[in-house]
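J.: Given next are the chains, with one letter for each unit.
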Amino acid sequence: MSLAKPDALDITTKQKVALAIGVIGLFIFTLALFNTNFPNKGLFLTLSLGSIIGGIIIYSREAYLTKLEGIKNDGVWFKSISSRGILGWILGVILTSFYIVLYFFPKYLGLGTDGEANTGLISLFDPLSHLLSGRDASQWFVYGTLYTVAILAFGYKFILKYRHNRYQQLRTVSVMFFQLGFAFLIPEFMYVMNNDLPYYDLKSIWPLNYYIFDEWSVNGFLSNGNIGIALLLFGIISIFVITPILTYKYGKRWYCSWVCGCGGLAETAGDSFRQLSSKKMSAWKLERWLIHTVLVFSIVMTVAMIYTYLGYDKNDFWLTRDVFIVSVIGFLTLVFATVMIFKRHELGKDAKYGAIGYFIVIILLLVMHFTGTTDHLFYIKAGALRSAYGIYIGSIFSGVIGTGFYPILGNRSWCRFGCPMAAILGFQQRLFSKFRITTNGGQCISCGNCSNSCEMGIDVRAYAQKGENIVRSSCVGCGVCSAVCPRGVLKLENDSMEGRINPTEILLGNDVDLMDFVNQK
Amino acid sequence: MEHIVIIGNGISGVTLARHVRKLSDKRITIISGETDFFFSRTALMYIYMGHMKFEHTQPYENWFWEKNRIELKKGFVSKVETETKTLHFKEGDTLQYDKLIIATGSKPNKFGWPGQDLEGTLGMYHKQDLEKLEKYAPNKDVCKRAVIVGGGLIGIELAEMLNSRSIPVTFLVREDSFWNGVLPQGESEMINRHIKNHHIDLRLSTNLRAINSDENGKVKSVIIEETGEELECNVVGLTAGVAPNIDFLKDSGIEIGRGVKVNRFLETNIPDIYSIGDCAEQHEAIGNRRPIEAVWYTGRMMGETLAQTICGNRIAYKPGHWFNSAKFLDIEYQTYGWVFAERGRPEHEVHFHWKHEDDTKCITIAYDKNTNEFLGINNFGIRMRHEVFDRWLTEKRDLDYVINHLPEANFDPEFYSKFEKDILKAYNNQLQTV
Numbered sequence: 001m002s003l004a005k006p007d008a009l010d011i012t013t014k015q016k017v018a019l020a021i022g023v024i025g026l027f028i029f030t031l032a033l034f035n036t037n038f039p040n041k042g043l044f045l046t047l048s049l050g051s052i053i054g055g056i057i058i059y060s061r062e063a064y065l066t067k068l069e070g071i072k073n074d075g076v077w078f079k080s081i082s083s084r085g086i087l088g089w090i091l092g093v094i095l096t097s098f099y100i101v102l103y104f105f106p107k108y109l110g111l112g113t114d115g116e117a118n119t120g121l122i123s124l125f126d127p128l129s130h131l132l133s134g135r136d137a138s139q140w141f142v143y144g145t146l147y148t149v150a151i152l153a154f155g156y157k158f159i160l161k162y163r164h165n166r167y168q169q170l171r172t173v174s175v176m177f178f179q180l181g182f183a184f185l186i187p188e189f190m191y192v193m194n195n196d197l198p199y200y201d202l203k204s205i206w207p208l209n210y211y212i213f214d215e216w217s218v219n220g221f222l223s224n225g226n227i228g229i230a231l232l233l234f235g236i237i238s239i240f241v242i243t244p245i246l247t248y249k250y251g252k253r254w255y256c257s258w259v260c261g262c263g264g265l266a267e268t269a270g271d272s273f274r275q276l277s278s279k280k281m282s283a284w285k286l287e288r289w290l291i292h293t294v295l296v297f298s299i300v301m302t303v304a305m306i307y308t309y310l311g312y313d314k315n316d317f318w319l320t321r322d323v324f325i326v327s328v329i330g331f332l333t334l335v336f337a338t339v340m341i342f343k344r345h346e347l348g349k350d351a352k353y354g355a356i357g358y359f360i361v362i363i364l365l366l367v368m369h370f371t372g373t374t375d376h377l378f379y380i381k382a383g384a385l386r387s388a389y390g391i392y393i394g395s396i397f398s399g400v401i402g403t404g405f406y407p408i409l410g411n412r413s414w415c416r417f418g419c420p421m422a423a424i425l426g427f428q429q430r431l432f433s434k435f436r437i438t439t440n441g442g443q444c445i446s447c448g449n450c451s452n453s454c455e456m457g458i459d460v461r462a463y464a465q466k467g468e469n470i471v472r473s474s475c476v477g478c479g480v481c482s483a484v485c486p487r488g489v490l491k492l493e494n495d496s497m498e499g500r501i502n503p504t505e506i507l508l509g510n511d512v513d514l515m516d517f518v519n520q521k
Numbered sequence: 001m002e003h004i005v006i007i008g009n010g011i012s013g014v015t016l017a018r019h020v021r022k023l024s025d026k027r028i029t030i031i032s033g034e035t036d037f038f039f040s041r042t043a044l045m046y047i048y049m050g051h052m053k054f055e056h057t058q059p060y061e062n063w064f065w066e067k068n069r070i071e072l073k074k075g076f077v078s079k080v081e082t083e084t085k086t087l088h089f090k091e092g093d094t095l096q097y098d099k100l101i102i103a104t105g106s107k108p109n110k111f112g113w114p115g116q117d118l119e120g121t122l123g124m125y126h127k128q129d130l131e132k133l134e135k136y137a138p139n140k141d142v143c144k145r146a147v148i149v150g151g152g153l154i155g156i157e158l159a160e161m162l163n164s165r166s167i168p169v170t171f172l173v174r175e176d177s178f179w180n181g182v183l184p185q186g187e188s189e190m191i192n193r194h195i196k197n198h199h200i201d202l203r204l205s206t207n208l209r210a211i212n213s214d215e216n217g218k219v220k221s222v223i224i225e226e227t228g229e230e231l232e233c234n235v236v237g238l239t240a241g242v243a244p245n246i247d248f249l250k251d252s253g254i255e256i257g258r259g260v261k262v263n264r265f266l267e268t269n270i271p272d273i274y275s276i277g278d279c280a281e282q283h284e285a286i287g288n289r290r291p292i293e294a295v296w297y298t299g300r301m302m303g304e305t306l307a308q309t310i311c312g313n314r315i316a317y318k319p320g321h322w323f324n325s326a327k328f329l330d331i332e333y334q335t336y337g338w339v340f341a342e343r344g345r346p347e348h349e350v351h352f353h354w355k356h357e358d359d360t361k362c363i364t365i366a367y368d369k370n371t372n373e374f375l376g377i378n379n380f381g382i383r384m385r386h387e388v389f390d391r392w393l394t395e396k397r398d399l400d401y402v403i404n405h406l407p408e409a410n411f412d413p414e415f416y417s418k419f420e421k422d423i424l425k426a427y428n429n430q431l432q433t434v
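Sequence lines, in order, name chains A and B.
At position 510 of the first sequence (counting the first as 1) the number is 510 in our numbering, and the numbers step up by one without a gap.
At position 115 of the second sequence (counting the first as 1) the number is 115 in our numbering, and the numbers step up by one without a gap.
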């Protein structure tokens, strides 16, 4: 409607100062990137990180603490950065380029190769890395540090933005804690204690953590005695025991918006972009195909990878190729049969797609088993699948597109279209979970605030205006739809499975006889 | 095939069309002069505030209508010829109908104030009003002050909108406390304070005398009736309620009062012509309801009901327990059952009122002083479950039961502070002092 940005939404002087402070921090990074050799790297690193964090803190305090508590979305669709304007595109290009360099050309960031010392940006982070683990920084250490700083600083901003909403505050504190502790500090300390252990972020669960069953990783665990075996077991228990129980009780939100690092970044640094996710029916269709394809890919890839190295040392271990393939197929069949027996009516025509997916996986596994040799699976070199997955899904999809495109596609495009972990949790959330978003009778006014703020692109309003609870596999339970609802219509709840899905034709508040007449049909 | 023509693409007409489509194969046409597609009128404010864009206020994607064979026609009906069942459009063309539904909604009230049609005056009802506001009040430099006349739900929304762009607002309210024709005193006064906390210049017991024009026919200032004070401003929002939008029906033979007169079956005096939503006026009010209910929910319910009648299952409009909601700046409000303000309160109705010390949360429970029967609740800043109160009203629970079971009705997000204990304590204390 209005092309001109309303001037009234300009930021205050104090916010301009805060922005300047933050930019100075980024500028130090830029200088380092261009190989400025700072005399005292520790000082300059502290200075740059400090001014970035300080800038964000000052900016946020001015933005939210000067106003009364409440929903703070004024001008979201006017600001260039959060409405796919020029600033949004510029930021998108910068982030995307950063990811490409990070994943594929770390030497441009100054990574020392062949034992040489780091230079450039990575060397700027050496002092912190030495402090934590005594080794030189890597591109992953730089990335991890920046990632953690982003979650902490923007997490603080988010907490101020929702200072009237304790659900939002608690889950933000939770992702800040898990990022700082589990993803950043603990792995560093684990390295100090035992430097043979592979990097392991305890909260990162297969298949999101697709390298946990890589040969180097498993060997790393196995060769480190009890602690290694305990960690590997924890990884397996996370998948098969902890995850199903927590998802049954609380929905997938316990992971996606309380623990997960990808989710943590999306909810904090990515919060300003949540409204950009597409709510079109066509986007939903694409989402369902894409995310389940990735899931199939990740399962087949992981099985193939384990299968490969199980073939290397014959018969000296109870887990042989045959035992492995039979147990995988058995497990998948068990899951499939359970769903088909107990939940077939809920799935409707989706049951057909589920069946197709299941049979594709089984056929692929059988083909692999019967055509595979020691070095070749699917007639390609063993390990090729794994590297293809690592490049296309692990790097390009989750990093370059998933995060780089925040300002274009919204903050959860990886979680929505690509994350295989989200697909598994979502599958369970849809079928075996107590979680739902309850709709409050007939109170919806179809305003669209809920849909607009759904980062997963769920058309929340489509359910709310029908008085129907929202039970969607993609919902990460961030609770922002409930927060922004002006009429108190939505509530995230864990309640009994009975009556969780409640489609109605006529809403509460109308003639009781009419409701009975129409809704029972 | 029978042709169902609906004038108005608001919540009433669109709900009707959707339900008729579900129940039948009839040809359906929806006419609107305002917009191409259905949008949520209640969300207009969020477009100006930048929370959403216009397309986000459309509950259905644009392909929805064709897919469901609901024809959309853009145009203003200028005349209804009931003998030949023909609609005449301002644009010159005509359309035949078999059954006609008038769902044209409301238009803002104007009470003959001098200068009420100057450039820079506007209501806040139609999409065109929003476009006007964007033109006259894009920012605080173009619009140095806005004056809002009329302290109802639309008035306070307009104040919030302008406030979001830092445009100074003077809010003229005829009553001596905000919306106290509807809200009991304690609540109304809490909202007064909340409005002032947002730096909105709230003037109670204040009326508009006239709007002055500059040399170009634009709003320059307003004159206050009581004091004669002149307030300079660039925009005047006229939000003193709404009235049915039915001028085009004069001389059509359709019986008209303030709105289109309908019986309990939402039928007008002319066969095959019906009216629903804001523009329909019941011959006799239903229960405590007003003859004209200009509320989103009632429009939707009338649409749901009339669809049955149109499709051969003739049933009366018999709404269930009253409910409504609104948001006053940052404070959400819901109501279930009937809670009357001081004015118009039945003799047997008395209130229990509790307010949180932070002055943003309160509840008022109305009950019958003779029987203690629960009559209704207003809740501010605390969300309550519709389903639970609907049930309690049906079961005719008493005040004691309701107060003691309030936790069941709580609908606030998880981890929110709960106030049921405080409420119970206040209730018990009050009983002791009485």
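Treat the hints as calculated values from the structure; they're not laboratory data.
Hints may be right or wrong, so weigh each one.
[As the list claims (entries may be wrong)] Straight-line alpha carbon distances no greater than 16 Å define the calculated EDC-like cross-link-like pairs of lysine to aspartate or glutamate that follow:
hint, chain 1, residue 1, chain 2, residue 2
1, B, K421, B, E357
2, B, K196, A, D322
3, B, K318, A, E493
4, A, K434, B, E119
5, B, K99, B, D368
6, A, K67, B, E349
7, A, K249, B, D201
8, B, K99, B, D36
9, B, K318, A, E69
10, B, K140, A, E188
11, B, K135, B, E119
12, B, K261, B, D247
13, A, K72, A, D10
14, A, K285, B, E61
15, A, K434, A, D511
16, A, K280, B, D201
17, B, K22, A, D10
18, B, K361, A, E69
19, A, K72, B, D330
20, B, K53, B, E131
21, A, K466, B, E387
22, B, K318, A, D511
23, A, K280, B, E55
24, B, K144, B, D201
J.: If a hint holds in the structure, say so; if it doesn't, say that too.
T.: Now the hints, each set against the structure:
| no. | hint | verdict |
| --- | --- | --- |
| 1 | K421(B) <-> E357(B) | holds, 14 Å |
| 2 | K196(B) <-> D322(A) | violated, 75 Å |
| 3 | K318(B) <-> E493(A) | violated, 32 Å |
| 4 | K434(A) <-> E119(B) | violated, 56 Å |
| 5 | K99(B) <-> D368(B) | violated, 45 Å |
| 6 | K67(A) <-> E349(B) | violated, 39 Å |
| 7 | K249(A) <-> D201(B) | violated, 49 Å |
| 8 | K99(B) <-> D36(B) | violated, 22 Å |
| 9 | K318(B) <-> E69(A) | violated, 40 Å |
| 10 | K140(B) <-> E188(A) | violated, 53 Å |
| 11 | K135(B) <-> E119(B) | holds, 10 Å |
| 12 | K261(B) <-> D247(B) | holds, 14 Å |
| 13 | K72(A) <-> D10(A) | holds, 15 Å |
| 14 | K285(A) <-> E61(B) | holds, 15 Å |
| 15 | K434(A) <-> D511(A) | violated, 30 Å |
| 16 | K280(A) <-> D201(B) | violated, 42 Å |
| 17 | K22(B) <-> D10(A) | violated, 48 Å |
| 18 | K361(B) <-> E69(A) | holds, 13 Å |
| 19 | K72(A) <-> D330(B) | holds, 10 Å |
| 20 | K53(B) <-> E131(B) | holds, 13 Å |
| 21 | K466(A) <-> E387(B) | holds, 14 Å |
| 22 | K318(B) <-> D511(A) | holds, 5 Å |
| 23 | K280(A) <-> E55(B) | holds, 11 Å |
| 24 | K144(B) <-> D201(B) | holds, 14 Å |
Violated hints, listed in ascending order, are 2, 3, 4, 5, 6, 7, 8, 9, 10, 15, 16, 17; each of the other numbered hints is respected by the structure.
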